[in-house]
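S.K.: Sequence:
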Amino acid sequence: MSFDQFDLHPTVLKAVLDAGYTTPTPIQVAAIDHIIDGRDVLGCAQTGTGKTAAFALPILDYLLREKPAHGPRCLVLAPTRELATQISESFETYGARKIKTAVLIGGVGQGRQVDALRAGADVIIAAPGRLLDLMEQRLVDLRDIDILVLDEADRMLDMGFIQPLRRIVKVLPEKRQTLLFSATMPKEIRELAEDFLYDPVSIAVTPVASTAAAITEEVYHVHQKDKPELLHNLFVSQQMGRAIVFTRTKHGADRLSRRLEKVGVRSSVIHGNKSQGARVRALEAFRDGSIRMLIATDVAARGIDVDGVSHVINYDLPNEPESYVHRIGRTGRAGATGTAIAFCDVSERPYLKQIEKLTCSSLKVAQV
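Using our numbering, the first residue of the sequence shown is number 29, and each one after it goes up by one.
Because the hints were derived from the structure by calculation, they are not lab data. Among the hints, erroneous ones may be present.
Using C-beta positions, here's what the derived DEER-type ranges look like [as the list claims (entries may be wrong)]:
#1 E94 x N261: 49 to 57 Å
#2 P378 x V264: 30 to 38 Å
#3 T212 x P378: 21 to 29 Å
#4 S390 x D172: 47 to 55 Å
#5 A313 x E94: 33 to 41 Å
The calculated lysine-lysine pairs, modelled on DSSO-like cross-linking and capped at a C-alpha distance of 27 Å, are [what the hints assert, rightly or not]:
#6 K128 x K203
#7 K126 x K95
#8 K278 x K198
#9 K128 x K95
#10 K126 x K42
#11 K253 x K392
#12 K290 x K126
#13 K128 x K42
#14 K215 x K385
#15 K290 x K302
#16 K302 x K278
#17 K215 x K95
#18 K253 x K278
#19 K290 x K278
#20 K198 x K128
#21 K253 x K95
#22 K302 x K128
#23 K215 x K128
#24 K290 x K128
#25 K42 x K302
#26 K198 x K215
#27 K253 x K42
#28 K290 x K253
#29 K253 x K215
#30 K215 x K203
#31 K381 x K392
#32 K126 x K203
#33 K126 x K302
Idealized CB from N, CA, C, for every residue including glycine.
Take the sequences, apply the hints, and build the full model.
M.R.: Structure, rendered in structure tokens:
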């Protein structure tokens, strides 16, 4: 199946194809048509299954076809500011920047967020805590919400957000479409679904295989300043076929690419400051083998679907352990083997402990 078989708005379809996607994932196949039809959806899916596009594409289709309302028409609730930011970038990419979003998250000042609301946001993507703060200040209007998305509901449960969720949903219009996604379905989430959803379509997507069986994982304990040289040496000595290198920041990605260029290693870079055209060209060069190293941030790399990736390098360890699992899942696909290498500065050791706790395994320590 291909994306052009969905009845998506031409703007959305073009944005998807321009981003380099041709084949929908199983959850996208299962969910998109139901969401377009206006059905409530209860989806059991883990990170890395294409879940965000499964709800973002049909929502954008709806927003582009319907007449604008007085206030925001879609509310997406996510447990963390990192996930909220990633969802926002997906909406902006697939909506070809014709849909306005407001990201409401803690940890930063609310001034720009309020400005985004006042500028006429079509979609609000929020962490429950910050949204409640703005609701109490009467700075956000939810009266025109047609679609509610609860993403990673089980994580919101773990973080104590269930009562805040109920407070938020209480002020929303009763007549709305609700989409709930969760990696697991404990009793509390099923009860939440019974309260919030009406006659939902249930969708469950099981991961194709455990990454552990196909991927060799190892960690190098290395000072931050020595990481560029180590990366260069490994890239050459291991004769890496096709490698994705993850950095924490956009500037870090650019800086690393320039340093590698000086020692003769060509790379492509994708991050939020790159234009869509530059992103497409970078992916094409990576796919056709003219560039063997792709340097990316987590947000920009979401949705990259490239077969034959031999190595994933965690140049900077992520501060959320789930991101590590998502990163390394880009190698060892379709029965092939892959190698995942982590660079760990002393300041990143707490992140390494979180990763090993989540994966219930210790990474093999490699010698520099």
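S.K.: Look at each hint and say if it fits the structure.
M.R.: Structure-based check of each hint:
| no. | hint | verdict |
| --- | --- | --- |
| 1 | E94 x N261: 49 to 57 Å | holds, 55 Å |
| 2 | P378 x V264: 30 to 38 Å | holds, 31 Å |
| 3 | T212 x P378: 21 to 29 Å | holds, 25 Å |
| 4 | S390 x D172: 47 to 55 Å | holds, 51 Å |
| 5 | A313 x E94: 33 to 41 Å | holds, 38 Å |
| 6 | K128 x K203 | holds, 23 Å |
| 7 | K126 x K95 | holds, 14 Å |
| 8 | K278 x K198 | violated, 39 Å |
| 9 | K128 x K95 | holds, 14 Å |
| 10 | K126 x K42 | holds, 13 Å |
| 11 | K253 x K392 | holds, 22 Å |
| 12 | K290 x K126 | violated, 39 Å |
| 13 | K128 x K42 | holds, 18 Å |
| 14 | K215 x K385 | holds, 24 Å |
| 15 | K290 x K302 | holds, 21 Å |
| 16 | K302 x K278 | holds, 9 Å |
| 17 | K215 x K95 | violated, 39 Å |
| 18 | K253 x K278 | holds, 17 Å |
| 19 | K290 x K278 | holds, 19 Å |
| 20 | K198 x K128 | holds, 25 Å |
| 21 | K253 x K95 | violated, 53 Å |
| 22 | K302 x K128 | holds, 19 Å |
| 23 | K215 x K128 | violated, 36 Å |
| 24 | K290 x K128 | violated, 40 Å |
| 25 | K42 x K302 | holds, 18 Å |
| 26 | K198 x K215 | holds, 21 Å |
| 27 | K253 x K42 | violated, 42 Å |
| 28 | K290 x K253 | holds, 16 Å |
| 29 | K253 x K215 | violated, 48 Å |
| 30 | K215 x K203 | holds, 25 Å |
| 31 | K381 x K392 | holds, 13 Å |
| 32 | K126 x K203 | holds, 26 Å |
| 33 | K126 x K302 | holds, 18 Å |
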